[in-house]
Each structure stands twice: as structure tokens, then as C-alpha cells.
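Peer 1: Residues per chain, in single letters:
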Amino acid sequence: MSARVQVYLLAFICISLGLGLTAYKKIELGFPLLPGEQRSVWTVEAKVVFNAEDKPVKVSLALPDSDPNDIVISQDFASPGYGFGWDSEGVQRRAEWARRNATGPQTLFYRLQLFHAPVRTPLEASTPPEVIDFSHLDESTRIAADSLVTHITERSADAKSFANELVRLLNNPQSNMDMSLLLNTENNSSMGQKVAIMMVVLNRAKIPARIARGLHLEDGRKRQTLTELIELYADPHWILLDPETGDTGTPDNFLLWQRGGVSLLDVEGGSNSRVTFSIIENSRPAKALAVALGEDTKAALVDFSIYSLPTEIQNTFKHILLIPIGALVVVLLRILVGIKTSGTFMPILIALALIQTTLFVGLAIFLTIVSVGLWIRSYLSHLNLLLVARISSVVIVVIIIMAIMSVLSNKLGLSQALTVTFFPMIILAWTIERMSILWEEDGPKEVLIQGGGSLLVAVMAYLAMTNTLVEHLTFNFPELLLVLLGIIMLIGQYTGYRLTELRRFQAMVKEH
Amino acid sequence: MFFTTPAKLHAHGMLGMNRRNVSYISRYNDRRYYPLVDNKLKTKQVAEKAEASTPKLLGVVEHQYQVNTLSHILELYSEFVVKPAQGSQGKGILVITGRDGDYYLKPSGERVSEADVMRHSSNILSGLYSLGGKPDVAMVESLVHFDSVFDDFSYEGVPDIRVIVFKGFPVMAMMRVSTKASDGKANLHQGAVGVGIDLATGKALHAVQYDRPVSHHPDTGAHFADLAVPHWDRILPLAASGYEMTQLGYLGADIVLDVNQGPMILELNARPGLAVQIANGTGLLPRLQAIEALRHPDMSTDDRVAYAIEQFGNTAKQ
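Those protein sequence lines, which keep their order, are chains A and B. Using the working numbering, the letters of the first sequence map in sequence onto residues 1 to 512. Using the working numbering, the letters of the second sequence map in sequence onto residues 1001 to 1318.
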């Protein structure tokens, strides 16, 4: 395989691998491609209150099912004096608090932080619901319900349309005698009246159904109770139905708390028990959320990544990961444009210093140091010093210049000049030395060309490196480095003319 | 219009810097042979081995302590050149053409002291002029006495002839003559004039200064059309033999004409620049490609020169 083919192949592999990993992180792990993206994180707090009756207390609270659309970030239980345990024997996950003895009003908290995915996938198939026993129904209710079933069955095609028609009648009871009758019978179940009637009718119609309870997620809500919905089993999915409106499907921003199951709250050894919910919405950077979730699920790309490093080192990497961007700018400007710089990667180092000092202050500092340095250097050249000693002297002079600038600017109240220390001093000294030689051998014009070229490239690199999007992408998608590598390899194969050559050779072409 | 188009340059067969680097230098120049040309001391050794003439080596300063003894070497000569063995682009070359009491004279007439010469040597040893600042050695060479026929075409300096040699074939040549602007140096970007030379006859074809055409020497006023390089028949074989000496497929041979000893190799360059195209008013690519297309490129030096004259010489085409 020729070197050229290898380069193309390698570049192709690098670029597709880099883009593939980026796409994976974006789509699967939810990393945001744009900086500053925010996601809502909901904090839901369930508060259980009851009066303890001076005997052993046992409290059991139904907890939200693991819905694939709701990602639980954290949950905790504030329950001083109570032992705590899980009960996951039944279909429903439950929290259990217990205490040997308690008297007076008691309060227990369960706090849940979750990320609620805006796009909902349908609820998974599960076992058909257990049949709820309605044997206690009195005769008149049963007859009314059965007659209603016959009435609705004629006007519906399947379970869903049956339920819709039922809701319509519920909301217009005057149009149907049986419905009016049902609504007038006293209802003493724990459910709401409409829900209870629906359950009875659906049960008589042999449509598997159960009650689902959930919360409408809305910021700042307090003392909420759970909303009851009907869940119909329409093979192979569960369909959620709002008994008030007849709308099917999960409502927007709705957290399903309990699906099926027996009760929401059981309290033994207490009375007047109640559970209320309060809801708070927090905005969190989408990235932080993705990292937290990635760490939680041990996603390899997050677990073995820069995020696993201490914050201090992460910050260092933030800068290191920008260097390739500077390198790309240098590659573009040298190979495609043909700008002369003094030292290949000097512009990147200047750009890194500019990032610390901000652009104009940095340029002013750079020009001052180099000019003063050149002047001092021209004097040193008369003193017949050995090269290494001379450059070392220049280093010291550069440091002195920096110290003076810092002190002066501090006195003048300019804090930015204090950041001069970020300039790589040894490199500066070498630059001064090389420019001084260039001045002696090729004249000041060449110094201006190369110095100006270096600064131009440095400024371009600075602009690219401080772009917020670039910063965001390099740090959060370091696999894009592979893409950069591929691109640079491809540019390395570029055999076309440089922009400056189009100017340089122009006179020659003109003659012919 | 300040810019031309890539298509036009391509039509003229102009070789660009990127293409030179990718398609010629890195493909035909094996890195392990680079030291032979990057170190002028080694170049001199291989040239002497190949019995190609070069300026005489008067002395070498390898260590700092030897700098002080430099004057003992220099006492014997009134004219010499001090240069770094690993310098690039003519950097760090000090030419002394005479003495004035305790002082040495540069071609411009500027006086430099012995201390200046010693400091210059010391700088060379420290690696000031070498690539990457690695320690270097200073060479003292005999001064070339250029043929007086060129006095009108050069200002205070030693003109040299740059021949581009590809796979042993001379493909293009130019003469670089110093001007007042170039301070007696034959560096084109400092203002020296590049004169394209016909491979067949050694006569001037075309001249440029600062990449723009000129017809007369800016200082002496001599007409470049009158320029003809003597001993041309000896120059091309000498340049072509650089291929055998170094094994480098793409190289630039810098040749000077001494009035007594004729053509001498001054140095060889593994990364010759592209100005030779401007000086000749024509691109290198068609010539390079013609040689790449040759079925039997293994010829003797003389055959290669003959082929080049026949193919690339201006008179042959007319």
C-alpha cells in the first residue's frame, strides 16, 4: 500500500471514529453539541404526615416505577428515628419506615431528583392487571353498569373507543339514565367518584383496567396530591386515559408514580395519615447532567474520560485540548496560505498567552517585551557574550520587564497586565534572539514579515481557540481530536499551490 | 490583479512549495543522507572522496577553547570565509577579503576586529545558525576568486550557480548575483538577482530581483543578456555528480567558479527553493515529470548531462 493510500485510509478511520463517538455521545449519552444547553431536573418531595398512637408504627409508601423515560438522579429519605427499608416483593416498589414506638404528629419525607425525558416512549407491555373485586356492588349499581356496558359496546369498536365513550357519558350524565344513577349512588372508595365508576363499568365490560397515579410536574407546586388516571390494557401496550378529559397517552410533564398496586400509603399504628407532594424545577447544564448519568450508568466513554480526573487537572486539560485547534490554524495558514512565522509553533504559545491576558492587552505586552528585548539584545551583542549566556541574560531581562510592567500596571489599576506571567519566557527570549539575528542578517523588513506573520497566526489561533463553541466541543468531545488528526493528515498531503505563491509567481505568468 | 490562479500556474508547470515537499523532497530524499548535505564538513569530505573540487578547508574550530587559537590559523591568510558547518540559507557566513592593520575587511569594506571574528566563531559553536540550535562547528575556508568576467554582474560578492539536480539529471540552473541591496550575499530574498541559465549553452535567459523581472544589474548597469558562464561544460557534470555523492534524488548544487581552479562545489542543498523557476521564467514540473517517466534512468553522469542538455536546453528546442 502506498503511503498516500495509507494516509487517506488512516484519515478516513480517524474521522469516522471521531464523528461516530461524537454522535454516540450526543445521541446515547445526551451530551449537548452546543454550549450552555439546559435541562430540567425535577425535585419531587413526598411528605407523609400522620398521628402516631403510642404503639409500633409501620409506614409503607408506593414509589415511582422505573419508567425508562424518567431517569432518577438521586433519592433520599428524611425520617429521623425511623428505620428504613425497601419492599419490592410486589409489582410496585415501596418504601417502608418502621419504629418501635411513637406518639404525636409524625412527618416522613421521601425526596426524588429526576430527569424527565421530553420524548416519551410507549409504556411497556406487562402482565394484565389483577381483577379488582367489585362483588360488594349492590344490585342496582350492577344493573345500571351492565346496561351501560351494553349501551356503550354498541357505540364503540375496541377498548379504547369504549373508554372514550364512557368518559363522554361521564361528563354528560343527563343524556343517559344509567350514568345518572351511577353518579348518584354514594361512593366510599378511596378513588375519585368518576374513576370508581369507570373502573366498575370497565370491569363489567371485561376490559382489563387499573388505576395509575401520578403528578403533573410544574415548578413551585406545593401540597399536591396524586392525579388518578385509568390505565387500559390494549394488547400489547398499556394506554393511559384521563377520566376528566378522555385524553389518551401520558400527559406532558407527567410523572407516573404508581401503576396498579393496592394502595399509595399504608400506615399501621397511626391515624389521619396523608401524603402530599411538592415539586421544584431546577435547570442544570445538560452537560453536567449527562456526565452525572454517564458516571451513574458506568458508560465507558464517561467513566474512562477526562471527567474522571480531579477538577484541577480537568481545567488544565481544557487548555491542552485547545492546542490542537491552534495547530490546525498554523497548519492551514502555513500550508494553504503560506504565511511566514518565526518558529513553527511559536504562534500557538503566543495564542495560549493571549487567552490568559485577553487579546489587546496581550498584544501590547508582547510587543513591548519584544521591542525592549530586541533593544537590550542589540546592546548585549556588543558585549561579546557566549550564546547561551546571552539568551539567559535576555530571559532575565524579559522577567525584569514583566515585573516592572506588573508593578506599574498595578499602581495604575490595570489588573490585566498582571497576567503577563503566562507568557512563555524562555520562548520569548529565543524569539528575541532569533529576531535579532534576523535583523542583523536579513534586515528589519524580514523581522517585520516574520514577526507580523507570527502575530497574525497567533491572533487567528486565539480567535479560534476562544470561540465558545470550539471550547465546548474540544473539552466535551475530545474524540473530535481524531477528526482533527484526520483533517491535518489530509492537509499534509496537499500538493497544491499556496495562496502566497499565487502572488509570488504572478509576475512570471503575466509575461507569457 | 495581485494574484494569479492555480490553473495558470499549473499550465506553466510551476512547482509549488507543498508539492515540492510532498512529491519530491520527502519521496526522493532519504533522511539518512541529509547529514551529508546539512553538514558542510561532511559534504566536503564526500566531495573530496569523489574527487569533485571544493574550496580548500583552512581550519576547523570544534571547541570553544579553540576559538582563541583561531588567530594562529588566520594569521596565515588575508582572505578567508568563516561559516557554520550546519548553517542554513547562507546564515552565519562571514567573508573576509583583506586586512587593514589589525582589522579584517568584509567585501563591503566594513572593518571587523579579530574579536568580532572570534565572537562570530563562538556563536557558530553555540548553534546560533544551525537548525534547532544544536551545537555546531565553525569552518574556515579559502576564499573563492571569482572569474573577472563577472565583475560587471556582481556587486561586492561571490556569485554562485545553483543547479537543480533530479535523480542525477541537471534540470534547471540559475546564477545568483549579489547586489548592493543584498550586502554582497547571493541570497535572493535579500535582494540578490537570480539569472536563469540555459542548460545547453550557459547563457543567461532571464533575470529577476525580488521575484520581478529585471534586464540590467541594478548597481553596475550591465545587461544580463550579455552574461555567459565560462566552463559551462564542466559545471553540469560537477553538479550532476552531487547525486552520486549524496544519494539525494532532489537536490540543489551550489557551484562557484574560481579563476584558477574552475568550477567548485560550494555546498549541496536537500531543500532547494523555488526561485529558480522565476529566474528561468518557466516551471520545473514538466522537466521533473519527464525524468520520472524515464524507463532507464540509470545512466552515467555524462549521459545524464547530455540528456538534460538535449531535453531542457533552450537552443535544442529552437
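Keep in mind that the hints were calculated from the coordinates and are not lab data. Mixed in with the good hints there might be a few duds.
Some, not all, of what chain B presents toward chain A, calculated at C-beta under 10 Å [to be verified]: (1) Leu1009; (2) Met1014; (3) Gly1016; (4) Met1017; (5) Asn1018; (6) Arg1019; (7) Val1060; (8) His1063; (9) Gln1064; (10) Ser1126; (11) Asp1183; (12) Asn1187; (13) Thr1220.
The model shown is predicted, which means the values in this text are computed figures rather than measured ones. Note that CB positions come from ideal geometry on N, CA and C, so glycine has one too.
Peer 1: Please go over all the hints and tell whether each is borne out by the structure.
Peer 2: Hints and how they fare:
1. Leu1009: holds, 6 Å
2. Met1014: holds, 5 Å
3. Gly1016: holds, 4 Å
4. Met1017: For methionine 1017 of chain B, the interface hint holds, since the closest Cβ of chain A sits about 6 Å away, which is under 10 Å.
5. Asn1018: This interface hint holds because 5 Å falls under the 10 Å limit.
6. Arg1019: Given a least distance of 4 Å, the restraint on arginine 1019 of chain B holds.
7. Val1060: violated, 19 Å
8. His1063: violated, 12 Å
9. Gln1064: Holds, about 7 Å.
10. Ser1126: Serine 1126 of chain B check passes; min Cβ-Cβ to chain A is 3 Å, inside 10 Å.
11. Asp1183: Holds, about 9 Å.
12. Asn1187: holds, 8 Å
13. Thr1220: violated, 22 Å
This entry does not satisfy hints 7, 8, 13, going by the numbered hints stated previously.
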